[in-house]
Amino acid sequence: MTSLPTGGYRHFHDELGTLKQRLLDMSERAESLVDLSVEALLERDRDKALAVIDADRELDRLEVETENLAISLLALQQPLARDLRFLIGAIKVSSDLERVGDHAVNIAQGAVRLVDSHAGMPAVPAISDMARRSRAMLSDALDAFIRADGALGRAVGKADDAVDALHDGIFRTLLTHMMGDPRTIAPSLELLLVSRNLERVADLATNIGEDAVYLAEGKQIRHRFDEEQLETTT
Amino acid sequence: MSRIRRARADDEERMSGPGRTRSAATHDATGQGHITVERFSAWFGATRALTRIDLDIPPRSVTAVIGPSGCGKSTLLRAMNRLNELIPGASTDGSVRLDGTDIYGPGIDTSTLRQRVGMVFQQSNPFPRSVFDNVAYGPRLNLGASGTELEGRVEQALRRAALWEETRDRLREGALELSGGQQQRLCIARALANDPQVLLLDEPTSALDPSATQRIEELLYELRRELTIVLVTHNLQQAARVSERTVFLAEGALVEAGDTRRLFTSPSEPRTEAFITGRFG
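Heads up: the sequence lines are chains Y and L, in that order.
Using this note's numbering, the final residue of the first sequence is 235, and nothing's skipped along the way.
Using this note's numbering, the final residue of the second sequence is 432, and nothing's skipped along the way.
A couple of the hints might just be wrong.
To be verified - Covered, in the sense of this in silico footprint (three residues per stretch, anywhere, with C-beta under 8 Å from a C-beta of chain Y), are these stretches of chain L:
#1 387-398
#2 416-422
Said to hold, decoys possible - SDA-like mimics (lysine to any residue), calculated; alpha carbons at most 25 Å apart, straight line:
#3 K93(Y) x R413(L)
#4 K93(Y) x N208(Y)
#5 K49(Y) x S140(Y)
#6 K93(Y) x T416(L)
#7 K220(Y) x D141(Y)
#8 K220(Y) x E420(L)
In case anyone wonders, no lab produced these hints; they're calculated from the structure.
Ideal placement from N, C-alpha and C gives every residue a C-beta, glycine not left out.
With the rest of the complex left out, here is chain Y (with noise of 0.2 Å):
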């Protein structure tokens, strides 16, 4: 057997290591902004919150780069089997990481209203902890697509669990604030909205992680369909 890739399908190859570069940027990024947009809000930093929103175009520029890059390879090198997953995969990850952009902007959005109000935030330490745990699986997310570990992958689907349930655990949290102390409604109002998007960052690395799930083992694990379910509809 011989392994000798023609030029093209080296030139090929080059521009998807070129692709997976692009999206490690964008989940730099991603993750730098999700940080920062936790550390304006809990210490009411208007310049960092600031920061974060300016900062989000650079990802949303990004997105449209990594997307046309994507889109170029379809066409000219029409790929198959895991080159054809991974530049389908390379597609929804960018869309997701913009994602993300866009909920750290919403977090720091919020950071800035607070500080405006100047009202006194209740204390809820499991923000900070939910910020680590969606981070970490974003990271861990953009690992397994990138390195292809379909168990990786698995993984961050489970720990999206314990997220769901600190959100849940925040909420009742701030319930009882609100009815203990009415002027506590604002602020409980704008920490829950920081909650429901850290979820939803946490959600958007368990989609990458399915995505790096269907690249290594071309399964399709989302909706928690099972794959006998998928063979009758394919």
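Using the hints provided, position chain L relative to the given structure of chain Y.
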């Protein structure tokens, strides 16, 4: 080696012809065109070209055969209508069954077999005769058709090959005046005029431009419920576009066979994955 059949091409050719008694394998006009390859091996002299191939080709479907150059794709295709044995020194082992009957069994009339299992080659090869005569050749020779019956068969074959509208006013013109794509469709019409159950195509579009290729692919799509079609192609996109099942061969052995959509998106075998993503071959 006792089970290995040595080719006796000359004997077989003497057996062929319109007046010969047809064997069971070639008699069954209601056959579906179901091909079953069992432990089939082929040699050219001392060189082994195929190794114990087991393969089921469902009737009335399109099956693509892919693989690197020299992997045995064409040999496998030509084994399905016993064309390999025209090559001196060719020999086979195992069986190829058409609707249950071993086409390598005793008493098989290869000429009648090749009417049931038509073949179209890489280079279109019309006879240097008129369009009509090219298509009429088979029905005249094999069925003794003439007059309006023959004209009807020619028209039907040209219609099935999507060539009627372009040639209805040019039937008496020389076939070699047609374009390359039209000549290839004429060859398909010529095969269809024998009313085969199976159509074998060996790289049928490799010499054609994209437009002519598209016409052939559309034609295969139209014919897929009437015939069993086996297509050898180097063009993976064509295999993906046209076929329902795909067979991947490497070094004379079957590596993977299955549903085309699955094989081109999530192949089971790492060698298939490596080949269709250009990482080997």
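### Task
Output the numbers, in ascending order, of every earlier hint that fails for this structure.
Result: no hint breaks.
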